[in-house]
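A.B. asks: Below are the chains, spelled out letter by letter.
There are 2 protein chains.
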Amino acid sequence: MTQDVYTYLQDNRDNLLKKLEEFLSIPSISTDRTYKKDVLQAGHFVADYLKDIGFKQVEIKETGGHPLVYGEWLEAEGAPTVLFYGHYDVQPADPYELWDSDPFSPEIRDGKLFARGASDDKGQVFMHLAVFEAFMKTEGKLPINVKIIIEGEEEIGSENLYPFLAENQNMLTADFALISDSGMVEKGQPTMLYGLKGFTGLEVTVQGPNRDLHSGLYGGAVKNPVMALSHLIASLKHENEQVAVAGFYDGVEALKEEERQLMNEAPIEDYVKTTGVPTTVPEEGYTVNEHIMARPTLEINGLYGGYQGEGTKTIIPSSATAKITCRLVPGQDPTVIQDLIIQHLKTRAPKGVTLDVKPEPLSAKAYKVDPDHPLIQKAADSLAKAFNKETVFVRLGGSIPVVEQLDQLFKIPVVLLGFGTPEDNLHSPNESFPLDHYDKGLDVLINFYNEVAH
Amino acid sequence: MTQDVYTYLQDNRDNLLKKLEEFLSIPSISTDRTYKKDVLQAGHFVADYLKDIGFKQVEIKETGGHPLVYGEWLEAEGAPTVLFYGHYDVQPADPYELWDSDPFSPEIRDGKLFARGASDDKGQVFMHLAVFEAFMKTEGKLPINVKIIIEGEEEIGSENLYPFLAENQNMLTADFALISDSGMVEKGQPTMLYGLKGFTGLEVTVQGPNRDLHSGLYGGAVKNPVMALSHLIASLKHENEQVAVAGFYDGVEALKEEERQLMNEAPIEDYVKTTGVPTTVPEEGYTVNEHIMARPTLEINGLYGGYQGEGTKTIIPSSATAKITCRLVPGQDPTVIQDLIIQHLKTRAPKGVTLDVKPEPLSAKAYKVDPDHPLIQKAADSLAKAFNKETVFVRLGGSIPVVEQLDQLFKIPVVLLGFGTPEDNLHSPNESFPLDHYDKGLDVLINFYNEVAH
Ligand SMILES: [Zn+2]
Ligand SMILES: [Zn+2]
Numbered sequence: 001m002t003q004d005v006y007t008y009l010q011d012n013r014d015n016l017l018k019k020l021e022e023f024l025s026i027p028s029i030s031t032d033r034t035y036k037k038d039v040l041q042a043g044h045f046v047a048d049y050l051k052d053i054g055f056k057q058v059e060i061k062e063t064g065g066h067p068l069v070y071g072e073w074l075e076a077e078g079a080p081t082v083l084f085y086g087h088y089d090v091q092p093a094d095p096y097e098l099w100d101s102d103p104f105s106p107e108i109r110d111g112k113l114f115a116r117g118a119s120d121d122k123g124q125v126f127m128h129l130a131v132f133e134a135f136m137k138t139e140g141k142l143p144i145n146v147k148i149i150i151e152g153e154e155e156i157g158s159e160n161l162y163p164f165l166a167e168n169q170n171m172l173t174a175d176f177a178l179i180s181d182s183g184m185v186e187k188g189q190p191t192m193l194y195g196l197k198g199f200t201g202l203e204v205t206v207q208g209p210n211r212d213l214h215s216g217l218y219g220g221a222v223k224n225p226v227m228a229l230s231h232l233i234a235s236l237k238h239e240n241e242q243v244a245v246a247g248f249y250d251g252v253e254a255l256k257e258e259e260r261q262l263m264n265e266a267p268i269e270d271y272v273k274t275t276g277v278p279t280t281v282p283e284e285g286y287t288v289n290e291h292i293m294a295r296p297t298l299e300i301n302g303l304y305g306g307y308q309g310e311g312t313k314t315i316i317p318s319s320a321t322a323k324i325t326c327r328l329v330p331g332q333d334p335t336v337i338q339d340l341i342i343q344h345l346k347t348r349a350p351k352g353v354t355l356d357v358k359p360e361p362l363s364a365k366a367y368k369v370d371p372d373h374p375l376i377q378k379a380a381d382s383l384a385k386a387f388n389k390e391t392v393f394v395r396l397g398g399s400i401p402v403v404e405q406l407d408q409l410f411k412i413p414v415v416l417l418g419f420g421t422p423e424d425n426l427h428s429p430n431e432s433f434p435l436d437h438y439d440k441g442l443d444v445l446i447n448f449y450n451e452v453a454h
Numbered sequence: 001m002t003q004d005v006y007t008y009l010q011d012n013r014d015n016l017l018k019k020l021e022e023f024l025s026i027p028s029i030s031t032d033r034t035y036k037k038d039v040l041q042a043g044h045f046v047a048d049y050l051k052d053i054g055f056k057q058v059e060i061k062e063t064g065g066h067p068l069v070y071g072e073w074l075e076a077e078g079a080p081t082v083l084f085y086g087h088y089d090v091q092p093a094d095p096y097e098l099w100d101s102d103p104f105s106p107e108i109r110d111g112k113l114f115a116r117g118a119s120d121d122k123g124q125v126f127m128h129l130a131v132f133e134a135f136m137k138t139e140g141k142l143p144i145n146v147k148i149i150i151e152g153e154e155e156i157g158s159e160n161l162y163p164f165l166a167e168n169q170n171m172l173t174a175d176f177a178l179i180s181d182s183g184m185v186e187k188g189q190p191t192m193l194y195g196l197k198g199f200t201g202l203e204v205t206v207q208g209p210n211r212d213l214h215s216g217l218y219g220g221a222v223k224n225p226v227m228a229l230s231h232l233i234a235s236l237k238h239e240n241e242q243v244a245v246a247g248f249y250d251g252v253e254a255l256k257e258e259e260r261q262l263m264n265e266a267p268i269e270d271y272v273k274t275t276g277v278p279t280t281v282p283e284e285g286y287t288v289n290e291h292i293m294a295r296p297t298l299e300i301n302g303l304y305g306g307y308q309g310e311g312t313k314t315i316i317p318s319s320a321t322a323k324i325t326c327r328l329v330p331g332q333d334p335t336v337i338q339d340l341i342i343q344h345l346k347t348r349a350p351k352g353v354t355l356d357v358k359p360e361p362l363s364a365k366a367y368k369v370d371p372d373h374p375l376i377q378k379a380a381d382s383l384a385k386a387f388n389k390e391t392v393f394v395r396l397g398g399s400i401p402v403v404e405q406l407d408q409l410f411k412i413p414v415v416l417l418g419f420g421t422p423e424d425n426l427h428s429p430n431e432s433f434p435l436d437h438y439d440k441g442l443d444v445l446i447n448f449y450n451e452v453a454h
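Listed in order, the protein sequences are those of chains X and U.
Mapping of the first sequence onto the UniProt record's numbering: position 302 corresponds to residue 302, and the numbering continues sequentially without gaps.
Mapping of the second sequence onto the UniProt record's numbering: position 230 corresponds to residue 230, and the numbering continues sequentially without gaps.
Extracted from the complex, chain X is given alone in its bound form (with noise of 0.2 Å):
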């Protein structure tokens, strides 16, 4: 070899930016119907892109909506397997006129490349593809073997991948998993995100009378559901943030003080100021970035019941309706704490009213991997080297519903290398990427692809 990986990058970095501009140039939006032939030409882009590196049994799978792109490289003797999964659809871009330059026509300004799906997830899938091309190009194989699937579905809810997981679970053995579709807490600042919030809910109406009520003919009569509601909700949560769920907390690993310092230290958003509110409330025991990326939390999302309109309205409301759901952690099963709520709510109903509930059918449990784990240990160094400073350790307080299969399925540690930054305005106008996290990007994921060879 003349040439290592590194300088191959460099030297193209040209032509690989305009293939890059090429895919990003394809509205590939999943969820619009009249888009359904971009949508296949992305993948198609795709599996053309894996052919060309090298890559074999590259096929388009058809799904009852749009395909997902298979390929495998698996040359690489006695080294690991990595599954990596990624997607080629993208947001809608309207509003149209909230852009500054064509979502589909790649633009860069101020260092950064903006285009619909510049960082979620075009952008970061194919920093993996040019890696891989730059491995073949100097060195005519890569560091590991390659197991890759991209999808088309990710934006509408990867209707269709999580069957063709649980039915080619032998296909796509592996050690691990690897995904790039998600962010940095702050430009810069490599960041290791090594867990996963679950998530489970449901909804609960309180039904009082067959109809609205004068509440002077009949208050003193009827029970009134919004008022019955309020103490069941209120009921469920101390004004401390604790959930007053009995069995709630079952299971919920306790946070150890390294972790706690870990979290402690990443550096996130000013909340006040970014929201507005007059202080932060986290649960008693616990600071923010505790709360917020290790501790579950139970969250109201809506409740209505009667009279909105302007004014008054002298009215008992026939019913009230409320939106709970349910972030959870490792430990947590969503089933059951669905059960325990329900439990809960309808032990407390009140006599005069009669309650329905409906749970909510997605649910998910929490993902953790040990952050002293190998591979998050090299993940992390390979940040660091790259973006040349220390990588901070998080949880998040979200969840990613296909880190979970991927963790339920195949029992496999999921390596999340994010790429992105909070300024990327995800499913917003404007999507853009940092040239400078491509570009450290791609010196990552050398780092990584040839650290967890070993």
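There may be inaccurate statements among the hints.
Remember, identical chains collapse to one label, so a pair may be satisfied in a single copy or spanning two.
Claimed, not checked - No farther apart than 25 Å at their CA atoms in a straight line, the calculated lysine to aspartate or glutamate pairs in the DMTMM-like style are these:
#1 Lys-36 <-> Glu-97
#2 Lys-411 <-> Asp-102
#3 Lys-346 <-> Glu-239
#4 Lys-187 <-> Asp-110
#5 Lys-358 <-> Asp-212
#6 Lys-313 <-> Glu-290
#7 Lys-19 <-> Asp-212
#8 Lys-187 <-> Asp-4
#9 Lys-313 <-> Glu-155
#10 Lys-51 <-> Glu-265
#11 Lys-351 <-> Glu-269
#12 Lys-37 <-> Glu-451
#13 Lys-37 <-> Glu-290
#14 Lys-273 <-> Asp-212
#15 Lys-313 <-> Glu-239
#16 Lys-56 <-> Glu-155
The hints are simulated quantities; they were obtained by calculation from the structure and are not laboratory data.
Since we're looking at a predicted model, the values are computed, not measured.
Following the hints, put chain U with the ligands in place on chain X, whose structure we already have.
C.D. replies: Same frame as chain X, but now just chain U with the ligands:
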């Protein structure tokens, strides 16, 4: 005299009913400016009738809105003076297609007179005029002195009546007030309504973040406004229906055993059947009848915050609002109660959110007259005699603002002699008034006017 008052009314029944139908044919809908002339015409009908009977000082008093009719007959030397109040305006009649006969073409079917205003309040006002006519035509005089106000804006809030009352207190001096604008608890069941509840209210908004937030990314940092509001609302009332606001019951008269008995004997609707609730839920220590009639209530008329659509939206809502009203009993001051609730809420406002309270500008004190008062007893006896059934004594959970005004301004007893029934469809299509209530009601009025003369 060759003819007595009763006989006069019997002999002239057809003519008088025809005259009432003429009155009911005028579409005096006060809320709709299109009917301004008709409202005025109905006022003239009343004024002309009073003049024909022999009332003096009959005047159509201009107000900022529809005029009110005033008249007096003060020649019953040594006898007391009544201030009689009623209204000649009516509710709109739409939806017209739900009427079985034209709302302004009165029709008698099944022993009922169908027309808008038949019961509320033209029919009942007319009964007094007919009785006055009968007295004048047979005895040449009325048994007592009469000052009469019939307004044209009751159905739109009596905005101009209250200033008129306040500005003309000397002219309107009387020994008691009399109103026939209510009903009986059951058809054929003479009912003495001797108390009404007062009213106050407020709206409270809990303001959290400046926009709806992602529940995964912000849950644990930010107080949930809907949860905060649920805690506040739940704190207002115990589960046994007692209001938990400190001072709320201060000054409320204890119910005498004898009054409790009166209330519990009153036939009231079968609330489980009419409203579909599993069971009624009165305040602990009181029956439904007692709570409805004589105990104050606090109701949530509406509550809303966050997502209300189908399915799930995982947000922390930006704010939540509740509308609260109370029905008050004698001894409670609306302004004091409003302040107590506001204080209660403000004291309990949790950190992390701000509270915005809007006091409801309209309020009214409760009204109650001693059921043993001679006037009330005479009214009850007059009812019992004409309907040949013992009179029940009830208080109402609702409010009639003009009663409170008369009470406050003139400090005289207000006698509520109502002849309507629960089946009259007030404010609804097919309003009607049973002719036997009309006929017996005339006898009641003769009895009553004769009785109070002594
Ligand atoms: Zn994505
Ligand atoms: Zn009325």
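A.B. asks: How do Lys-56 and Glu-155 come out at 25 Å by Cα distance, when the copy is not named: within, between, both, or neither?
C.D. replies: neither (27 Å within a copy, 82 Å between copies)
A.B. asks: At 25 Å max between alpha carbons, let me know whether Lys-313 reaches Glu-239 within a copy, between copies, both or neither.
C.D. replies: between (30 Å within a copy, 24 Å between copies)
A.B. asks: One pair to classify: Lys-36 and Glu-97, alpha carbons no more than 25 Å apart. Within, between, both, or neither?
C.D. replies: Within one copy only: 23 Å inside a chain, 51 Å across chains, cut-off 25 Å.
A.B. asks: With identical chains, the pair Lys-346 and Glu-239 could be close in the same copy or across copies; at 25 Å between alpha carbons, which is it: within, between, both, or neither?
C.D. replies: Answer is both; intra-copy 21 Å and inter-copy 15 Å each pass.
A.B. asks: At 25 Å max between alpha carbons, let me know whether Lys-313 reaches Glu-155 within a copy, between copies, both or neither.
C.D. replies: For Lys-313 and Glu-155, only the inter-copy Cα distance (16 Å) is at most 25 Å; the intra-copy one is 43 Å.
A.B. asks: Between Lys-37 and Glu-451, at a C-alpha cutoff of 25 Å, which is it: within one copy, between copies, both, or neither?
C.D. replies: neither (39 Å within a copy, 92 Å between copies)
A.B. asks: Classify it for me, Lys-313 with Glu-290: is the Cα-Cα distance of at most 25 Å met within a copy, between copies, both or neither?
C.D. replies: between (44 Å within a copy, 24 Å between copies)
A.B. asks: Between Lys-37 and Glu-290, at a C-alpha cutoff of 25 Å, which is it: within one copy, between copies, both, or neither?
C.D. replies: neither (45 Å within a copy, 71 Å between copies)
A.B. asks: Is it within, between, both or neither when you check Lys-273 against Asp-212 at 25 Å Cα-Cα?
C.D. replies: Classified as between; 15 Å across copies, 42 Å inside a copy.
A.B. asks: At most 25 Å between CA atoms: does that hold for Lys-351 and Glu-269 within a copy, between copies, both, or neither?
C.D. replies: Between copies, since 20 Å is at most 25 Å while 45 Å is not.
A.B. asks: Regarding Lys-411 and Asp-102, is the shortest C-alpha distance of 25 Å or less found within a copy, between copies, in both, or in neither?
C.D. replies: Neither, since 42 Å and 76 Å both go past 25 Å.
A.B. asks: Indicate which option fits the pair Lys-358, Asp-212 if close means a Cα-Cα distance not exceeding 25 Å: within, between, both or neither.
C.D. replies: both (23 Å within a copy, 23 Å between copies)
Checked against the numbered hints given earlier, this structure breaks hints 2, 7, 8, 10, 12, 13, 16; the rest are met.
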